[in-house]
Every structure is written in C-alpha cells, then in structure tokens.
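Enquirer: As a plain string of letters, each chain reads:
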Amino acid sequence: MPELTADLVLKKIKIGEKVERADLRGLVLTRAVLDGASFRRCDLDGANLEGARLSKALFKNASLREAFLAGADLREANLESADLEGANLLGAKLAGANLNRANLEGANLQGADLSGARLTHAQLASATLGGARLIRAELAHADLSETDLSTAKLDEADLTSTDLSGANLEEASLARAQLRDAVLRGATLLRADLSGADLRRANLSGAKLEGALFTGARVRGLVGTGAPVIGIRAEWVDDSEEASRAVRVTGGQIADLLAGLTASAPSHKRYFGQGDVLRNAHLEFNTGAAVEIESLFEHCTIALGEGTELVIGRGGVLSGCQVQGAGRITIHGKFVEREGPGIVGATQLVVSSEGSLVGAVEQAQDLTRFGFEPGCHLRVQILQAKKERSTKGGKQS
Amino acid sequence: MIPMQGTQGRKTLVEEGTSFKGSLSSTCPVEVKGRVEGDVTAPALSVSASGSVHGKVKVGEMQSHGELAGEFDADVVQLQGTVKDRTIIRAKSLEVKLSPTEGKMQVVFGECQLEVGSETREVAASARPNEKAPKGPSVPPEGVKPSEPSKGPSVRPPTDANGA
Chain A
26 MPELTADLVL
36 KKIKIGEKVE
46 RADLRGLVLT
56 RAVLDGASFR
66 RCDLDGANLE
76 GARLSKALFK
86 NASLREAFLA
96 GADLREANLE
106 SADLEGANLL
116 GAKLAGANLN
126 RANLEGANLQ
136 GADLSGARLT
146 HAQLASATLG
156 GARLIRAELA
166 HADLSETDLS
176 TAKLDEADLT
186 STDLSGANLE
196 EASLARAQLR
206 DAVLRGATLL
216 RADLSGADLR
226 RANLSGAKLE
236 GALFTGARVR
246 GLVGTGAPVI
256 GIRAEWVDDS
266 EEASRAVRVT
276 GGQIADLLAG
286 LTASAPSHKR
296 YFGQGDVLRN
306 AHLEFNTGAA
316 VEIESLFEHC
326 TIALGEGTEL
336 VIGRGGVLSG
346 CQVQGAGRIT
356 IHGKFVEREG
366 PGIVGATQLV
376 VSSEGSLVGA
386 VEQAQDLTRF
396 GFEPGCHLRV
406 QILQAKKERS
416 TKGGKQS
Chain B
32 MIPMQGTQGR
42 KTLVEEGTSF
52 KGSLSSTCPV
62 EVKGRVEGDV
72 TAPALSVSAS
82 GSVHGKVKVG
92 EMQSHGELAG
102 EFDADVVQLQ
112 GTVKDRTIIR
122 AKSLEVKLSP
132 TEGKMQVVFG
142 ECQLEVGSET
152 REVAASARPN
162 EKAPKGPSVP
172 PEGVKPSEPS
182 KGPSVRPPTD
192 ANGA
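Taken in sequence, the protein lines are chains A and B. Taking the numbering used here, the leading residue of the first sequence gets 26, the next gets one more, and so forth. Taking the numbering used here, the leading residue of the second sequence gets 32, the next gets one more, and so forth.
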C-alpha cells in the first residue's frame, strides 16, 4: 500500500507542498496535472502516470522502476540519477529533460521526444527507442549497447564515447552527430544517415553499413568494420586530423577506409595495447603519425614529429616519461612525471574529463593550445618555451 | 564600483575604466570589466574581456575572459583570455575549451600553476612502477625504435612558479 493516496498527493501538490522520500509504489495518477511537482527520492515503482502533466517536475534520485508513463508530459523534468528500469515511456514528451546518470535499462521509449534532453552517463542498455526523437540530445558516455534506435532521429546529438555495441540504428538519422570515440562494434547501420557525422576514432568493427550515407563524415582514426564494405553512399569523407575538410577521400577509397583496409590513415597509426609495459625506451614517431597508448610506459622518452597525434587512452599510463616535439597530445588516461618538464613543445594539449596530468609542461615556441574538460585532474606547472624564458630572464636582469 | 540590481539578483560591478585597489569581500557575485588589484572574496567572479584581476581570489565560481594574475581558489573555473606569470589556480573543476581554429588560443598561459581536482595525489600514487596494467590483446607497435635504457629526463624539476 502506498504511504499517501492519490487524492492526498494531488492536494499536497495543489497547495505547493513537496512530496519527497514518500512511498508511492503502485499509485494511480493517470492524466493528473502535476507540473513542477517535487517527487525527489520518492518510491514510485509500478506507479501509473499515463498521460500525466509533469513538465519541470523533480524526480531526482526517485525510483520509477516499471512505472507506466506512456504519453506523459515530462518536458524539462529533472530525472537525474532516477531509476527508470523497465519503465514504459511510450510516446512520452521528454524534450529538454535532465536524465543524466539515469537508469533506463530495458525501458520502452518508442516514439518518445527526447530532443535536447541530457542523458550523459545514462544507462540505456537494451532500451527500445525506435522512432524516438533525440535531436541535439546529449548522450556522451551513455551506455546504449543493444538498444533499438531504428528510425530514431539523432541529428546533431552528442554521442561522444557512447557504447553502441550491437545497437540497431537501421534507418536512423545521425546527420552531423558527434560520434567521436564511440563504440559501434557489431551495430546495425543499414540505410542510416551519417552525413557530416564526426566518427573520429569510432570503432566500427563488425558493423553493418549497407546503404548508409556517409557524405562529409569525419573518419580520421576510425576502426573499420574489418570486412569489405558494399553499398554505402558517399561523395566524399573527411580524413583530416582536425576535421578541417583538408583531406578529402573519394570514390572506392571510402569503402576501403570504412572497412579498415585502406593504406591512408591507419598506415600511420601506432598502437600500444593493454597489458604492454615499456620501460626506459626511447621512441620516435614521424611527422603525421597517430599514436595511441593503452599500455604502461615507464621512464620512456617519446619524440613527436610535427603534427603527430599522441593519444593516451583511458587505460594508458605514462609514468616518469618525457614527451617532446611539436605534436598534439590528448590525455584520457594518466600522465605522471618524475622529473620535469614531462611535456615539451607540444602544439596542442588536451586533458579529457577522465584524464589526469601531473607534471610540468614547457610550451611550444608559438605557445601551446590547451583544452581541459571539466572533471580532469591536474597538478600542472605551465612553463614558457626555453628560449622565451631565457629572453625574459635576460630582460629582467 | 556599483552594486547592481540585475534581473537575476544583485551583483557588484567594477565597470570598464574603473581601477580598484584593496580588499573586496562580497556576498553577491562580482563582475569585473575594469581592473581589480587586491584580494577578492565572493560567491562568484566574472571577468570580462576588458577586465583584469591581480591578487588573491577566493570564490565559488569563476568565469574569466580577461586577465588573471595572482592566486585563485574556486570550486568551478571556466577560463578564456590570459593567465599571467606566477599565477596559481586551484579548483575542483576547470574548463578550458580548445580553440576550434589552429593557431588561435582560448587561453594564453604564462608561467603558472594549475591544481585541479582532488585526486591528483592518488593518481601519482597509482601510477607507480609496479602497477598492474589491464590484461588484453595488443598489436605490436610499428616503426618503434628501441634504444639504450634512458637515464630519464635531465631537465630540472619544477620548483617555483617561474619554473626556475
């Protein structure tokens, strides 16, 4: 039995009272007007809220497992960290809702409108999103493995680093979507629209691409399907480092590139996999190479040629190392120096939200472009280029 | 300095062309379009492109498009503009957006120090030599030139804000 009756809940909300931490399991509030109501930390498992008006309502940390929310109006509602496992949200209006870190595993979101919704780090494994609208939705780092996203509209959505393994994206629209570092292993992308999508470093191994549209997609560093690709549609794709459209690939080379059989980008790629340990080594990488480290490097020196891209993956650790040269460095893992400066002369240094950097960075002569994402960990001393420093010192004295 | 009544509540504004020297403590957000030299304590600090803050600052949130010099303690920092030499920024969260255009800088950093997040010490500890790397298959590296064991970088450790 719920702690409060439906009438009592409606009365409380009408007079502006909050309904928080209450046991409301199985409560029936179909088509109720509950806009802006607060159900923070409530237990609403199995509740029936079909067609209810819940725009801007607060469900933060609430439990709504197996709740019936079909057709509910949840626009701009706050469902952060809510548990919606197995909930029925068929045709629900969730535009602009906050679903960051929510659990939607196995939920039914068919035909739901999630345009502009925030779903970062959300758990959507095995959810049904067929025909859903996710235009400009923020889904970075979300788990979308084995989800049904067939015919879904995901144009301009942020799907950076999402797990889409085994997902069904047949006839989905992903125009200009951000899919950098996304895992699409074994995904079905038949007749999907990926025009202008950013697929840099995405993993497409085993994905089905027949009939998909790739014109203008950014493909640098992507991991191909591993099998010949047939029947794709693309006038050109962008294989430049910076997605500047400077390196256009056309014709039959596109299919080879998507299959991972081409000699362009991948031929310059150096990969150090998980489990490898390198100690006291000196490594040199030529201009234009792309280096990815998922291993443990100890007391190594790494020389980067101009424009070389060095990515320290999530599993990568560089301990007591020094990286020199005019390369571009991205840290998703850990970089910890023993003696500084650990990084010398990089033209670009990015530390992602999962990255850690402990050490000194001597900037390039023309300064280093920095990018730090919220959530990164830094204990960094930034230094000017040596020449710059000595000139300054001279002037001061 | 004009206490402002904006649509989103009060804020203290140091207008362009105004120079303020001394300690500034406020219970409402501070916006600097001019120049502030001294200590600032406030729940939030916003420095516009024309603004500069030189001194010791302790705020909850800080957003800067202008010039920063001194010691800054904040929970959340969003940076653009310039960070001068001998500056220390301590924050729980720092965001510096990468400039979309090569050659352009979102932030020009002088010789400064950044202490962001709380786990940097733990990170240092976890990256010890005996750390077990995750198991898994790997692809042998191409074009790698192994050499004699390195004696390690001979560059001096960073000891002060000048790197001297």
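Rather than coming from a laboratory, the hints here were simulated on the basis of the structure. If you're wondering where the values come from, they're calculated on a predicted model, not measured in any experiment. Keep in mind that a hint or two might mislead.
As the list claims (entries may be wrong) - Here are the simulated DMTMM-like pairs of lysine to aspartate or glutamate, each with C-alpha atoms no more than 20 Å apart in a straight line:
hint, chain 1, residue 1, chain 2, residue 2
1, B, Lys-115, A, Glu-379
2, A, Lys-294, A, Glu-331
3, B, Lys-123, A, Glu-364
4, A, Lys-81, A, Glu-101
5, A, Lys-233, A, Glu-266
6, B, Lys-128, A, Glu-398
7, A, Lys-294, A, Glu-266
8, B, Lys-128, A, Asp-391
9, B, Lys-123, B, Glu-92
10, B, Lys-128, A, Glu-45
11, A, Lys-411, A, Glu-398
12, B, Lys-128, A, Glu-266
13, B, Lys-128, B, Asp-106
14, A, Lys-294, A, Glu-260
15, B, Lys-128, A, Glu-267
16, A, Lys-411, B, Asp-116
17, A, Lys-39, A, Glu-28
18, B, Lys-89, B, Glu-102
19, A, Lys-81, A, Glu-45
20, B, Lys-87, B, Asp-106
21, B, Lys-87, B, Asp-116
22, A, Lys-411, A, Glu-364
23, B, Lys-115, B, Asp-70
24, A, Lys-85, A, Asp-48
25, B, Lys-89, B, Asp-106
26, B, Lys-89, B, Asp-116
27, B, Lys-123, A, Glu-379
Enquirer: Are the hints correct? Go through all of them and say.
Expert: Now for the hints, and whether the structure bears them out:
no., hint, result
1, B:Lys-115 x A:Glu-379, "violated, 27 Å"
2, A:Lys-294 x A:Glu-331, "holds, 15 Å"
3, B:Lys-123 x A:Glu-364, "violated, 25 Å"
4, A:Lys-81 x A:Glu-101, "holds, 5 Å"
5, A:Lys-233 x A:Glu-266, "violated, 25 Å"
6, B:Lys-128 x A:Glu-398, "holds, 7 Å"
7, A:Lys-294 x A:Glu-266, "holds, 12 Å"
8, B:Lys-128 x A:Asp-391, "holds, 18 Å"
9, B:Lys-123 x B:Glu-92, "holds, 10 Å"
10, B:Lys-128 x A:Glu-45, "violated, 38 Å"
11, A:Lys-411 x A:Glu-398, "violated, 27 Å"
12, B:Lys-128 x A:Glu-266, "holds, 18 Å"
13, B:Lys-128 x B:Asp-106, "holds, 18 Å"
14, A:Lys-294 x A:Glu-260, "violated, 25 Å"
15, B:Lys-128 x A:Glu-267, "holds, 15 Å"
16, A:Lys-411 x B:Asp-116, "holds, 15 Å"
17, A:Lys-39 x A:Glu-28, "holds, 18 Å"
18, B:Lys-89 x B:Glu-102, "holds, 8 Å"
19, A:Lys-81 x A:Glu-45, "holds, 15 Å"
20, B:Lys-87 x B:Asp-106, "holds, 15 Å"
21, B:Lys-87 x B:Asp-116, "holds, 14 Å"
22, A:Lys-411 x A:Glu-364, "holds, 16 Å"
23, B:Lys-115 x B:Asp-70, "holds, 16 Å"
24, A:Lys-85 x A:Asp-48, "holds, 15 Å"
25, B:Lys-89 x B:Asp-106, "holds, 9 Å"
26, B:Lys-89 x B:Asp-116, "holds, 19 Å"
27, B:Lys-123 x A:Glu-379, "holds, 14 Å"
Hint check: violations occur at hints 1, 3, 5, 10, 11 and 14; the rest are consistent with the structure.
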